[in-house]
Amino acid sequence: MDNSHIAIELIDVDKHFGAVHANDKVSLTVKTGTIHGIVGENGAGKSTLMSILYGFYQADSGHIKVFEKDCKFTSSRQSIDAGIGMVHQHFMLVENFTVLENVILGTEGGALISESLEKARKELTRLGVEYGLEVDLDTPVESLSVGILQRVEILKGLYKGAKILILDEPTGVLTPQETDELFRIFTSLKEQGVTIILITHKLREIMSITDQVSVMRDGKMVAHRQTNETSFEELAELMIGRKVLLNIDKSESKSGSPVLKVKNLHVSNEQGIERVKDVSFEVCSGEVLGIAGVTGNGQGTLLKALTGILPLTEGSIEVFGEIITSNNHLGPKILRELGIAHVPEDRQRMGLITEFSASESALLGYHNDKQLNQGLWLKKSLVRDNCESLMSAFDVRPADPKLKSSNFSGGNQQKLIVAREFERNPEVLIIGQPTRGVDIGAIEFIHKRIIAMRDAGKAVVLVSVELEEIMSLSDRIIVMCDGQITGKVDAIDAEERTLGMMMANVLNPSETNQEAQP
Amino acid sequence: MNEFLLNTLDATLRYSTPLIFASMAGLFSERSGVVDIGLEGKMLIAAFISAAAASVFGSPWIGLGAAIIASCIFAMVHGFATITHKGNQIVSGVAINIMASGLTMVLGLAWFKQGGQTPALANDERFLSITLPGVDIIDYIPILGDIYRELISGHNILVYLALLIVPLVWWVVYRTRFGLRLRAVGENPKAVDTAGLSVDRLRYKALLIGGILCGIGGAYIATAHNAQFTKDMTAGAGFIALAALIFGKWRPYTVLSACFLFSFLKALEDRLQSVVIPGIGEIPVQFIEATPYILTVILLAGFIGRAIPPKAVGEPYIKEL
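Line by line, the protein sequences give chains A and B.
Note that this note's numbering gives residue 278 to position 278 of the first sequence, counting from 1, and the numbers run on in steps of one.
Note that this note's numbering gives residue 1084 to position 84 of the second sequence, counting from 1, and the numbers run on in steps of one.
Just so you know, these hints were derived from the structure itself, not from any lab.
Quick caveat: nothing in here was measured; it's all calculated off a predicted structure.
Where is the CB? At the ideal position from N, CA and C, for every residue including glycine.
Check the hints yourself; a few may be wrong.
Quick list of the computed label-pair ranges, beta carbon to beta carbon [claimed, not checked]:
(1) 272/A - 1320/B: 31 to 37 Å
(2) 452/A - 1320/B: 35 to 41 Å
(3) 272/A - 1174/B: 31 to 37 Å
(4) 1161/B - 74/A: 38 to 44 Å
With a straight-line cut-off of 25 Å between C-alpha atoms, the simulated PhoX-like cross-links for lysine-lysine are [to be verified]:
(5) 25/A - 1319/B
(6) 72/A - 1319/B
(7) 1319/B - 404/A
(8) 1231/B - 1113/B
Kindly generate the complete structure, drawing on both the sequences and the hints.
This is how it looks when you write it as structure tokens:
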């Protein structure tokens, strides 16, 4: 394939959403047959730009050229016809359809589906062999793992004749092994002349797989680089506009006696399905215990049990001399008063109320506090002062207590929640996904604060799906898979590869014959 | 006893016809992701218009055509509110029901001045029973002859149409391109949008099909089952059809069985009035009337198995990432 050909050219693409200027005269050139990375913080406008290219949104102004032909996309259909396929961050699959049905949706051919199904079956088998993307075509997609679903999405694009594949944050939900596998697929696609656009905020992926990289910040395209001529540090600086500290300086932990003891814990989720199975661990004062695992392997349920939101079905949790069992349930309010703070996994749904003002969100859970009340009523000035002091302590921007919670960026929402929980000086911190969807600047800030709490002698339980985060913050790491603990390691000995295998539970001797997904 | 059973089953078929049309209408609409609580209203307006047109123009077929048009207009109003303007589907459906109830009375009073009723239809203005060929021959065979004569033969054409429409619906939903897209748009409209298809257009099509089917159902009630329009004559058939749709888990054949079950209860109700059952006493009619709803509630409570609705049903599709 001649690399001099241009697959995509975007010229001065501009897009507003109300007052938000999502794309500000963005230009981009992607060469045929290359892997082109687009990096930027959340909200930098990457996804919007790609959705415009995919015809999902229409640009306010600007030009799009695909394979050097002018294009005007008013629906995804035209973009597909021009040879563009997109794998969205959240898969666009119909869950109760089979793989085959999902693939043909939108390009069925005739009015009856039986013929198209047979045609697609042949074509997909061929594509599967050619690109190493074999998938069982008759399985309903709801029973497939995320790694396989991603293949289905890629196959879907290829089947529709895509010569250019856009992937939006494709590795967010994958184990390291699945990520490696995905990158292997990328390489084989590239060899066949497919152009790949990879959107991510993970610089490591950019460095390891792409040929070119473009950086976006605040809706603008700020730089284009050859990947082999740039560096981790330079890209990070371009992304946020200043130097960042990527590695956390932390001293050795001075851990004390166990504060939180979990014994043979079993917990069922809201639907009554057992998600935590026989989990035991201890957390000492002055240490961070990291809990790693792919999303949905019981970590969320565990967090809810530790904070009193869900009752236990078996086992016990011992904290501050109280023993919580299935018969002795202590709710979130009591636990919070005892000194357990909780930064929930899902900040939009559990961390704050998006319709509330910042000052209201900043007192959730502490609304009975004497410092905020006067008689029967919340005292407005106290509530405002409380929020103002949290905002200044944690650098929440804009520092406006009256602003609606939903109008803050993800990072600032998270900082507000962290501030609310940390500033009460709790003894035990239960933290879920502290930096999910948070920009690099805020990540750095939140990480420093977590370490500061540890150094102040607090016991910290940290759940995260970001292995890097777990590895850099934790003193000890446990790995969960399917509700069970599948590995325990000290952070010093932890390697990404071993953790990944624990996350997929392939180290377990009883299941050694079960290979990791090829 | 045999005659009692045959008569009850015969009545079951007659009662089930509007339920089948309405529940198949609901199946299209809800499979596409639009809650259709307005089945009742659409059937009511169709019943009124069919009786009015049949009476004025002297033909049940003209009545049927007018009924379909009226019902489709109501369906499109629902679509305009919920698809184009992303309005709340329940509110719009309730509005349709109220509008139909009021409009039929107002128009009835204005046009016919008979207290809201339409004039009684003469026989050639109605759909009449058809005697199927071969009744005389099969009649000599015991049991089978009775079943053929009493149960299978002797219904009007719309009853047979209802029975034929179910396999047709199944075929459309599971075997055609439109059906695939219909099922997809009710489960994950975003997947449909990103596949380059128009969510709105698919939903409008589904509602239009629903409008046609409700139109036929309404015409059946006024011009086949009865011989004139009377106030609120659909009497909850649209809601029972909705219950049958849920009870039948949005699948054509199971929905059909639910329609039969509910109609059987209704037929039984007519026959069990003031019948004293030994040991139990007289069964209150209200109890039998309430049975379809009670059964549906029991089902929804999870005793018979979970009814999982199309995932996106009830949510207007708003394009965002």
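Evaluated hints:
1. Residue 272/A and residue 1320/B have their C-beta atoms about 32 Å apart, which keeps the hinted 31 to 37 Å range intact.
2. About 37 Å separates the C-beta atoms of residue 452/A and residue 1320/B, a value consistent with the hinted range of 35 to 41 Å.
3. Evaluation of the 31 to 37 Å hint for residue 272/A and residue 1174/B yields a pass: the beta carbon distance comes to about 32 Å.
4. One distance hint, 38 to 44 Å for the beta-carbon pair residue 1161/B and residue 74/A, holds here, with the actual separation near 41 Å.
5. Among the hinted pairs, residue 25/A with residue 1319/B is consistent with the structure: their alpha-carbon atoms are about 23 Å apart, no more than 25 Å.
6. Under the criterion of a C-alpha separation no larger than 25 Å, the hint pairing residue 72/A with residue 1319/B is consistent with the structure, at around 19 Å.
7. Restraint check for residue 1319/B and residue 404/A: the C-alpha separation of about 23 Å stays at or below 25 Å, so the hint holds.
8. Straight-line distance between C-alpha atoms of residue 1231/B and residue 1113/B comes to about 13 Å, which keeps the hinted pair within the 25 Å bound.
Taken one by one, the earlier hints all hold for this structure without exception.
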